[in-house]
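Number of protein chains: 2
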Amino acid sequence: MFSYIPPIDDYRFLLTQVLGFDAAMAETGKEVDADLAVAVLEEAGRMCADRLHPLNRHGDEEGSRLVDGNVVTPAGFADAWRDFVAAGWASMSADPAHGGQGLPFILQLWLDEMLSATNLSFGLFPGLTRGACEAIAAHASDALKSLYLPRMVSGEWTGAMALTESGAGTDLALLKTKAMPQNDGSFVVTGQKIFISSGDHDFGGNIVHLVLARLPDAPAGVKGISLFLVPKYLPDAEGGFTIRNGMSVGALEKKMGIHAQPTCVMNYDDATGWLVGAPNKGLAAMFTMMNAERLMVGIQGLGVAGAAYQQAAGYAKERLQGRSADGARGPVAIIDHADVRRMLLNIRAFVEAGRALGGWTALQLDRAHHHPDAAERAKADALVALLTPVVKAAFTDFGFESAVQAQQVFGGHGYIREWGMEQYVRDARIAQIYEGTNGVQAMDLVGRKLAMAGGTVVEGYFDLIAADLDAAGTIDVAARTRAALNLLRTTTASLQGANMDAAGAAAVDYLRLFALVSMGWMWTRMAAAAQGEDAFHTGKRIVADFFAQRMLPQAYSLAASIAAGETSIMALNADAF
Amino acid sequence: MFSYIPPIDDYRFLLTQVLGFDAAMAETGKEVDADLAVAVLEEAGRMCADRLHPLNRHGDEEGSRLVDGNVVTPAGFADAWRDFVAAGWASMSADPAHGGQGLPFILQLWLDEMLSATNLSFGLFPGLTRGACEAIAAHASDALKSLYLPRMVSGEWTGAMALTESGAGTDLALLKTKAMPQNDGSFVVTGQKIFISSGDHDFGGNIVHLVLARLPDAPAGVKGISLFLVPKYLPDAEGGFTIRNGMSVGALEKKMGIHAQPTCVMNYDDATGWLVGAPNKGLAAMFTMMNAERLMVGIQGLGVAGAAYQQAAGYAKERLQGRSADGARGPVAIIDHADVRRMLLNIRAFVEAGRALGGWTALQLDRAHHHPDAAERAKADALVALLTPVVKAAFTDFGFESAVQAQQVFGGHGYIREWGMEQYVRDARIAQIYEGTNGVQAMDLVGRKLAMAGGTVVEGYFDLIAADLDAAGTIDVAARTRAALNLLRTTTASLQGANMDAAGAAAVDYLRLFALVSMGWMWTRMAAAAQGEDAFHTGKRIVADFFAQRMLPQAYSLAASIAAGETSIMALNADAF
Numbered sequence: 052m053f054s055y056i057p058p059i060d061d062y063r064f065l066l067t068q069v070l071g072f073d074a075a076m077a078e079t080g081k082e083v084d085a086d087l088a089v090a091v092l093e094e095a096g097r098m099c100a101d102r103l104h105p106l107n108r109h110g111d112e113e114g115s116r117l118v119d120g121n122v123v124t125p126a127g128f129a130d131a132w133r134d135f136v137a138a139g140w141a142s143m144s145a146d147p148a149h150g151g152q153g154l155p156f157i158l159q160l161w162l163d164e165m166l167s168a169t170n171l172s173f174g175l176f177p178g179l180t181r182g183a184c185e186a187i188a189a190h191a192s193d194a195l196k197s198l199y200l201p202r203m204v205s206g207e208w209t210g211a212m213a214l215t216e217s218g219a220g221t222d223l224a225l226l227k228t229k230a231m232p233q234n235d236g237s238f239v240v241t242g243q244k245i246f247i248s249s250g251d252h253d254f255g256g257n258i259v260h261l262v263l264a265r266l267p268d269a270p271a272g273v274k275g276i277s278l279f280l281v282p283k284y285l286p287d288a289e290g291g292f293t294i295r296n297g298m299s300v301g302a303l304e305k306k307m308g309i310h311a312q313p314t315c316v317m318n319y320d321d322a323t324g325w326l327v328g329a330p331n332k333g334l335a336a337m338f339t340m341m342n343a344e345r346l347m348v349g350i351q352g353l354g355v356a357g358a359a360y361q362q363a364a365g366y367a368k369e370r371l372q373g374r375s376a377d378g379a380r381g382p383v384a385i386i387d388h389a390d391v392r393r394m395l396l397n398i399r400a401f402v403e404a405g406r407a408l409g410g411w412t413a414l415q416l417d418r419a420h421h422h423p424d425a426a427e428r429a430k431a432d433a434l435v436a437l438l439t440p441v442v443k444a445a446f447t448d449f450g451f452e453s454a455v456q457a458q459q460v461f462g463g464h465g466y467i468r469e470w471g472m473e474q475y476v477r478d479a480r481i482a483q484i485y486e487g488t489n490g491v492q493a494m495d496l497v498g499r500k501l502a503m504a505g506g507t508v509v510e511g512y513f514d515l516i517a518a519d520l521d522a523a524g525t526i527d528v529a530a531r532t533r534a535a536l537n538l539l540r541t542t543t544a545s546l547q548g549a550n551m552d553a554a555g556a557a558a559v560d561y562l563r564l565f566a567l568v569s570m571g572w573m574w575t576r577m578a579a580a581a582q583g584e585d586a587f588h589t590g591k592r593i594v595a596d597f598f599a600q601r602m603l604p605q606a607y608s609l610a611a612s613i614a615a616g617e618t619s620i621m622a623l624n625a626d627a628f
Numbered sequence: 052m053f054s055y056i057p058p059i060d061d062y063r064f065l066l067t068q069v070l071g072f073d074a075a076m077a078e079t080g081k082e083v084d085a086d087l088a089v090a091v092l093e094e095a096g097r098m099c100a101d102r103l104h105p106l107n108r109h110g111d112e113e114g115s116r117l118v119d120g121n122v123v124t125p126a127g128f129a130d131a132w133r134d135f136v137a138a139g140w141a142s143m144s145a146d147p148a149h150g151g152q153g154l155p156f157i158l159q160l161w162l163d164e165m166l167s168a169t170n171l172s173f174g175l176f177p178g179l180t181r182g183a184c185e186a187i188a189a190h191a192s193d194a195l196k197s198l199y200l201p202r203m204v205s206g207e208w209t210g211a212m213a214l215t216e217s218g219a220g221t222d223l224a225l226l227k228t229k230a231m232p233q234n235d236g237s238f239v240v241t242g243q244k245i246f247i248s249s250g251d252h253d254f255g256g257n258i259v260h261l262v263l264a265r266l267p268d269a270p271a272g273v274k275g276i277s278l279f280l281v282p283k284y285l286p287d288a289e290g291g292f293t294i295r296n297g298m299s300v301g302a303l304e305k306k307m308g309i310h311a312q313p314t315c316v317m318n319y320d321d322a323t324g325w326l327v328g329a330p331n332k333g334l335a336a337m338f339t340m341m342n343a344e345r346l347m348v349g350i351q352g353l354g355v356a357g358a359a360y361q362q363a364a365g366y367a368k369e370r371l372q373g374r375s376a377d378g379a380r381g382p383v384a385i386i387d388h389a390d391v392r393r394m395l396l397n398i399r400a401f402v403e404a405g406r407a408l409g410g411w412t413a414l415q416l417d418r419a420h421h422h423p424d425a426a427e428r429a430k431a432d433a434l435v436a437l438l439t440p441v442v443k444a445a446f447t448d449f450g451f452e453s454a455v456q457a458q459q460v461f462g463g464h465g466y467i468r469e470w471g472m473e474q475y476v477r478d479a480r481i482a483q484i485y486e487g488t489n490g491v492q493a494m495d496l497v498g499r500k501l502a503m504a505g506g507t508v509v510e511g512y513f514d515l516i517a518a519d520l521d522a523a524g525t526i527d528v529a530a531r532t533r534a535a536l537n538l539l540r541t542t543t544a545s546l547q548g549a550n551m552d553a554a555g556a557a558a559v560d561y562l563r564l565f566a567l568v569s570m571g572w573m574w575t576r577m578a579a580a581a582q583g584e585d586a587f588h589t590g591k592r593i594v595a596d597f598f599a600q601r602m603l604p605q606a607y608s609l610a611a612s613i614a615a616g617e618t619s620i621m622a623l624n625a626d627a628f
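Those sequence lines, one after another, are chains S and Z. Sequential numbering from 52 applies to the first sequence in our numbering. Sequential numbering from 52 applies to the second sequence in our numbering.
Fair warning: there could be bad hints in the mix.
Note that the list lumps identical chains together, so a pair holds whenever it fits in one copy or between two copies.
What the hints assert, rightly or not - Straight-line distance between alpha carbons at most 27 Å, and here's what the computed DSSO-like set of lysine-lysine pairs gives:
#1 K332 to K196
#2 K332 to K274
#3 K81 to K274
#4 K196 to K305
#5 K306 to K368
#6 K368 to K305
It is worth saying that the hints were derived from the structure and are not from the lab. All figures in this text were calculated on a predicted structure; none of them were measured in a lab.
Turn these sequences into a full structure, and let the hints guide you.
Now the structure itself:
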């Protein structure tokens, strides 16, 4: 099978020539420079390429299985997990106060890219554990923190998020799981959850579930939801964790993809748990983990797209079919055919802009946590909030489309399992759905994020973009992005105060338009920085042109579609569908 | 599980109010009117809904298997095939001269839609048999025709097309299978073929392979390819077919989808065959079956999209999540949410226009075969040739996108196998790849079809559209389609004489633009015909508006992307990918 080449050159370029990494780190007081960052990424890349990528196909074929009520992951996964933890990758970006290494979030994000590129199913284990840690760190009592966090941060124990029920997915107001308070301060949790990623496994160690449930006196709806820490093993009198809690895997979901990932139906039968955060404030605590997860899920789309690109480009350079454009040579490698190049460039123009935009967002996250100035922290935090639904939805939509196009490059072989391309398509598909469907992300952007601080956050973001476009001078991608940005500004203004139908009708198209402009911004910054005559810089300028000329025009149809409004969408009676 | 409702009301509307079916039949001398046609479609719909749809999920789970060298299809498939044949569905549109029923091709096309909607894997058996029959009828000797055609037409025997080899897919010039002439006029065929749909099965009866191979003295390239009829069972001295030929299933391909369909690696080891058509003219004979197959494959995209729409619309009316737009009611059915409606309407606007455009093309095919005036036959034949790559590629692209959107309506449940939505996505994906990838279709359109008769065929087609738009008066969809048609005309002119790189860079976008205008044309005709105040007519007008306002604007970005040309696509060195 193919190997995976970690995109280290691209990371280095972004850190040193585009994103101003060293300056950003100096500002936030992190003692990390680009050289150290690249060294870390190289090491992470080796682990992903050499250790996790070889397990990916097999993991899909074997899948996780339920044996006597316990999850058995595919051969090699448990060993790989132990190595991953031993090398410290699980704790890379966590707070040193809880045993983490405190490396900047941009390195975590790019580790996540490489994890997703090489083994999406595996990557969910550390990803969900990290989200659970963040929620516990932000909302749990000191007692819970000291008992659970160190071993979760290290990766000795893993985490899982138990939110969805069969009747309550997007709308958590409908959830029914109950939590009864006990005299000792604990709670007895009862209910069934579905779609629980990493709900059980055979890696050893405890599995800490964060479960949304209702207290007996809770108000109806989302204001009556609380969050509970429910571990698979309860503490015993000697300080060990040996007592099996009242929770079990009811079934493994049979899914389209990510077969190696054990997605569980979880039954909590009088399980013991502890409240995380205030009663009835579970949703706020949940969003702490959800927001981190949403960025990670966006990066999953990017990771799969990058891997699929590598395989498809490699295949296109080897596969001989057809004749050259002048008819003089044949058979030629299919990379010589314009349509094959078009498909590959569509993927690459997304992946490289996504890598840059994700990196930029991650730097804002570091600023939001560590900048000495509170106003700067707040500003960065608002930008992260604005970009989070965009990264989640656009990256996973482009990611899926990329996987489909990479599969298409393989022709009939793309449809055959052994080539691995169809697995990318099946795996990438989930990222458009979980952690809030992409429609929900779009409504979050249009319904909530545009209105933040009276619209000044989004205006500030557009101003940032405009300033960089002006600074880039006369390059084509800057000019074309400026036109698209103006269209985005007009469209944004037209959605101010839109009612829910109008917002919903526009949302998905609007988010894609927003993402295209953001990618155009990143291509402008990259093209402006890549003024050398070497192959790397030349390639950047060519792909920037491709993006500007062949992908960015989507902005015009999206704006036209949004401008047409919701009338034709809402006119049909529900029973006429 | 869900049931499938055959779209009989839509067929009736198209036959009687949009496509002028009775007049077209009168012109071609077929004694079929709309009442009879609807009766046939109703019966076909019952067979698909009641007999084939219930086998679809199970067929995916069990799949076809190879047992001791023989294919075993999923439980129920062989019985269903016998019933299908006994009821005469296999021979519906075949020439009465060969035992067919001679029903018009539009009924075959819509039968194919319902077959694809209910069981894509099953539908390939009659589809490939029909293509093989057409090639034999057009090119084989009378002796071969009388020996094989009657039992293939009836469906007692099935057909398979054996073209692809591991090194020769899109580019058949590279194929290596050999055919050695024997003294008795037969040939000995030796080689390996891959991706052979319906290559073997357990339905009983003979399996007639049409195999592309090279004669010993054949010129290199595509001018040295001949077509051979190679049956699984050879005729014996008593006129029976009892002698096993030297061909065997090397393996079943493990695929992303259509698991019930046995896609074979076929080994021909000194297999006996007979030449079909002239030596070294195999490609022409192959295209006889290929063109019929390409229309059918396009309809597969339509069929899956229609089925996926029904399931998603049904789910959206039942599933309760979220609140009404005014916030007053909750939970509400998700059909109340604008974004869910948008996804459903995207599918529906394609399906209903595709059904109409497919039907229109099928009527041209009937004219091409049966019109008394040779000039009219030639004109219709040219229109079918023009539309064939559009139907194949656009319907399967929109079909796949539709399946993905229908899956999205289900949220997390869409990713779970038992709900069946992910099967639609996996099954629909193949139609974009086989019978010539959609990139190859687009190159056929731009590179060959636009140039037919000095460009007069495509101009004539645009004139037909323009006349109908003018006739429709002031309705919105007509006005918007007229603008898009003008853009298409300009774009078409810009591609006249384009070199292969420029054509290849434009092709896929151009085909989609062409399809959007064609769909706008059909929506105009449907909206103009649907002037009643009943729910059916009202619905047509609303969906026409949706198409015109929310989907057709894609035309603008496609035209802009094409206008940007091939420079940025061809600039990158092959080794820089």
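Hint check:
1. K332 to K196: within (18 Å within a copy, 77 Å between copies)
2. K332 to K274: within (7 Å within a copy, 74 Å between copies)
3. K81 to K274: neither (38 Å within a copy, 68 Å between copies)
4. K196 to K305: This pair counts as neither: shortest intra-copy Cα distance 34 Å, inter-copy 48 Å.
5. K306 to K368: between (33 Å within a copy, 24 Å between copies)
6. K368 to K305: between (36 Å within a copy, 25 Å between copies)
In terms of the numbered hints stated before, the structure departs from hints 3, 4, listed from lowest to highest.
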